[in-house]
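Dock chain to chain to rebuild the complex, using the hints, since each chain is given by itself in its own frame.
These protein sequences, in sequence, are chains A and B. Note that numbering that gives the first Met the number 0 numbers the first sequence so that position 111 is 110, with each residue one more than the last. Note that numbering that gives the first Met the number 0 numbers the second sequence so that position 205 is 204, with each residue one more than the last.
Just so you know, the hints here were simulated from the structure itself, not pulled from any lab data. Note that the structure is predicted; figures quoted are calculated from it, not measured. In this text, a Cβ means the ideal position worked out from N, Cα and C, and glycines have one as well. Incorrect hints may have been included.
To be verified - If you anchor each label on the Cβ, the simulated ranges turn out as follows:
hint : chain 1 : residue 1 : chain 2 : residue 2 : range
1    : B       : T111      : A       : A16       : 36 to 44 Å
2    : B       : P288      : A       : G210      : 37 to 45 Å
3    : A       : R188      : B       : E445      : 25 to 33 Å
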Amino acid sequence: MQTLAGLAQAINEYDAAAAEKHARQAVEEGIDPVEAFAAMTAAIKGIGDDFEAGTRWLPDLIGAAGAMQAASPVLEEAIKSCGGKKAALGTVVAGTVQGDIHSIGIEIVCTLLVAAGFDVHYLGIDIPAEKFVEAVRETNADIVALSALLTVTSAEDKKVIRLLTDAGLREQVKVMVGGGAINADFAARIGADGYEPAAPGAVDLARSFVGVA
Amino acid sequence: MQHGYLRRFAPVDVLTERELSAIHQGALEILETCGANIRHARTQALLEEAGCLVDRPGGLVRIAPALAEECLSTVPSSYQIVARDRAMDVRIGGDRVHFLQGMGMRYVDTETWELRPATLREHAEVQIVGDALPNVHVMDALFSFTDLAHVPGIVQQLEGLANGFRYSTKPQHYGYLKDSDRFAIKMAQGIGVTLDAEIDVAPPVAFGDEALEAIWRFAGLGWCVWASPGGRAGATAPGPLAAVQVQSWAGAIAFIVIAQLIKRGTPVALHPCDGVVHTKWAHGLPAAPETWYTRAMTNQLCRRHGIPVTTASGFCGHAKMFDYQAGMEKSLGVLSSIMTGSHLHTLQGSFAGELGYSNVLQVLDEEIAGNIGRYLLGAEIDDETLAIDEALAVGTAPASFMGRALTREYWVKDRYEPLVADWGTHVDWVRGGKKDVVTRAQEKVEAILAEHTVAPLTPEQKAIVEDVLAEARDHYRANGLIDNEEWAPYMAALEAADLP
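The shape of chain B in the complex, shown without the other chains (with noise of 0.2 Å):
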């Protein structure tokens, strides 16, 4: 089990109890008088068979608050992924803290900061150097808006799971496309995993039927379920940040409801991804303190109701290169989360609000995470930390600790080596050749590259991935949904990927 890190004090409160249940009872009065929109009959006969006021043209359901309190207390406070390795399972939830790589829509290319679609081999790669590094708990091979070159929209995440699959042994994490999750489940049932499944709430409190029918497959197995509610400030949700919260709450309410309804005692992870938008460009502004202030509020609102926060605070900034400003909007983006009690955070790799990942910044992020993780293990408080016998012992200046045994003891054990920054002097720097970070990073990623074995599929998981693959690309093709146009450059691309 990757255990991830212990965080050794209680998280901060934002919100005072009244306030957070002036928020709950908000989020109860919305889905109780205006209900939530849900169009999908399958669940909407759900909702109504469970007691739910279900106006089926206007695609409304009202759910009452004593039904959304009673499945707010049957979502488990905590929820274990199985991974290829059992080694790498992670449990999330308490006082744990993990980290999940973060994906983009395309690729950084670091020569001209611009943004293209990844190759295969260039995806392949990213899951190699994430099985890599120690604090990538979490793979996240895919995502919903994921360009591979070449590769049509409805397999991109499919065949990003297969890379995930084949080049790490770590958890894994879907999405869903139309119905591309079926197979998603098939190739993780075949490999003998269990995978997260992230479903957006389109805000204000709305479900589409695509989300709605990934619910059912994932609660139905009872794999966890992540409810990402969006809302932003005056777009989506009232101008306020309380509001936004309320609007998000009642989405994850609702959606709660349905999983609980489906199967009692499905897993429910909340990932929030609301917060503010520019009211010039009408972009969602992850990376802005009040976003990060609505995270921390809807962390202590889970905390509450024993729900776990997979957070995508410190998921990508607004930043255009791998500069100060990115590592400064990650950093506090996470960093103010994990102090309120989130407990899997994306990080690694993500980049320019969603719109890039980057090999390069995985390693970047890694720098974040290692430091986060020595700060959440804090110091222990006892009579050897305290060590007043060794103060005594050695007295006041011009005495020195340097050469005690217990300074060589705590040097090694209570110390975090970064990975790439440089702590060294300035005069090494410029004897150094003057690199910067990202080509300390870049160098670490080829090392990593150069190093590192991932353990193999079996013969026999490597065929359910090929087939399962196969299967779903007969069945988009027969169905329309890849065509001729984009069949030949796929496989033509697929021959060519030289994956690793």
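Extracted from the complex, chain A is given alone in its bound form (with noise of 0.2 Å):
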């Protein structure tokens, strides 16, 4: 227990070094790796509930992501060799659209996400729509996330969405929109299935999407 409560304190201290060698002990000690995972959750609810009361903030939250992903495929790994599979509460593929290289947010998402439980599939930056398609075809994705910063390059978001129709992909995967061009009408007329203008919120958003509240 000890082991494990060293795991929460480094991500309580955004400290990926203390994590990762935390979580290989973990594996050294046999304890459950899915238990072990649960403590590193319950250490960055933790934090997610002070972001929210306002006492800290999403460098907070990224850096204990950090942490976090430092240790993941250790226990990964453990939750493998064991036969089993990592509990994720959905798939995300994410990217800008084609056009656009501005990935600050977009990166933001993905790390909470991450954090919140979510297996993230981040294909980087200028993404053209068919790349989404691909992924979401070979991840069997449950949400797609889109950023743009600007109005022109939020038509891509509308392209993904037609070449997602065409691929028959539609129905099995929420469309989430994000970034500078967008707002909630915008992504309504392109038919995304939400928007979000911040980071916190898309996770709440993507959330949703899995039908966890």
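In structure tokens form, the structure reads like this:
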């Protein structure tokens, strides 16, 4: 239990090296890796509560998520070797649309989604619509998160939705859009399932898509 | 020529020479060691030819300090924008201060305070009011986020620019959206004007392919290109404000190197959009004191290197209505920047963190520009203005200067009269129906729209505008950037536009 407390503390202190160390220790001590994941999730949830209360900020959430990401592969490997599978809230494919290289917003969203328990496939910047569709097919994604800063690149959001429909994948995947050029009207106009102006809200939106309050 | 305002006093320094040098050296080190993210093959080749180390697969270009310094030295310290009425030309730089109309993404509905796409007519009316306001020296008929109702994204800037040409004789400003600047340039050349082009440096120190294509096109013509670095503390730049400067300056230098290698002597203005972000919502804070101070540092760096600054300080704040917060944010932002040496200031009309614009706000902001302009003119100091003889002639209390000729003369020539601010008595305000400043600005907008006439385009110029628009529509329709779903409502919107 001391090891799990250490793991939680590492998350709370944004210490990636310590988080990884405690994760390895947990595996060596034979602690159930799913339980170790739960300890990390509880720690990050506490930081999320502080964020909501205005006592911690995005850099704290991202720092904690970074520590969690450092520990995760160790625990995932342990789960796999037991023949298990890490439970994820859902699978998300994310990126900035073609023509747009402004990535900071979507990267924050991805980090927070990972921290919230989603399996995130971040494709990067300047991604053609076809690649989003390909990734949805390959990962069997539940959600596509598209980011566009400019009005003209936001037209790419529409293209992704159209290609998803053409590929027969639209029914299986929720599309969320964000970025400077986007608002709720625009999201509705292009047939997206949801829009959020800020990263923390995007996580709530994603949770609602997979039926988690 | 619109001369704007001459700042009669030296700009305020916020950094020492050693601090400026430290920022500059930091930027050079980043460019030489880490490099700029440039994936555009033609630009990579240009930079390689000039001696830069180019990692093609990695998209990184390392720029040596000597090349950076050399290119910095060939940027003109001022540049001219040619308007369709040459009396409206402006020269940006030196101790001259000008104002640029500020647009935003959507129109502010002053009934509901919601933001919605503007109709083409509303957009045209914003141009007419801007044309009428004496302190709007340069027009911004477009904005990279502009959302005109039923107009497809790819042609929004072009439709905006066309409205700018139709309804104003003042100089125009453009950006780039994919390759739409090709059509903007064609339109401008046909009319006989130049355009400023605002092109972003994606922080930290990265350039999109389309941005680089636009730099090639504008710099090739020798027209001014604005380097717009937007590093934000803790997000796209390290946390400290000095580090934001280092990152932005590195981006600006890389931009300058590219522009100067394309064509020596190309005017480059720095258009800083950097500053701080709020770490709850992760959005930029254009009207935070930390951002204003960042801009002050930029202004001083640019003065050190003789680079004109076209700043976004005062462009927009965080207010959601035209209230005390809105006025405070815009006034402090623009004034603090002007006092530290910036040249062209995006101001009139923009709102809500770039998300909105309004004709009413355009008039309210004109008042800010007028007040600042008068402040910049300062006071003449000579024998007449010191008026010692006048003081001796009138003597001490209960003497009065009210009826004197010198008073009459200077009341007229030395005073700023407000456009919509109420400087009258409280009693008169009550008797006049207790109108607030937003109501008075609304009335001013209506009066301008009723009275102001804009010199029309010549038939030839009009034909060029329409021909280029038609060509652009066909081009983007053919390559799928305007789809069938968008086309019909777009055509219907043009038909129903009821332009003035």
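Subject >> Range hint 37 to 45 Å (beta carbons of P288 (chain B) and G210 (chain A)) holds or violated >> reply: Holds: the Cβ-Cβ distance is about 44 Å, inside 37 to 45 Å.
**OP:** Just tell me: holds or violated, for the beta carbon distance of T111 (chain B) and A16 (chain A) against 36 to 44 Å?
**Re:** Hint violated: Cβ distance 52 Å, outside 36 to 44 Å.
Original post:
Can the suggested window of 25 to 33 Å be confirmed for the beta-carbon pair R188 (chain A) and E445 (chain B)?
Top reply: For R188 (chain A) and E445 (chain B) the Cβ distance comes to about 31 Å; the hint holds.
Violated hint: 1 only; the structure is consistent with all others.
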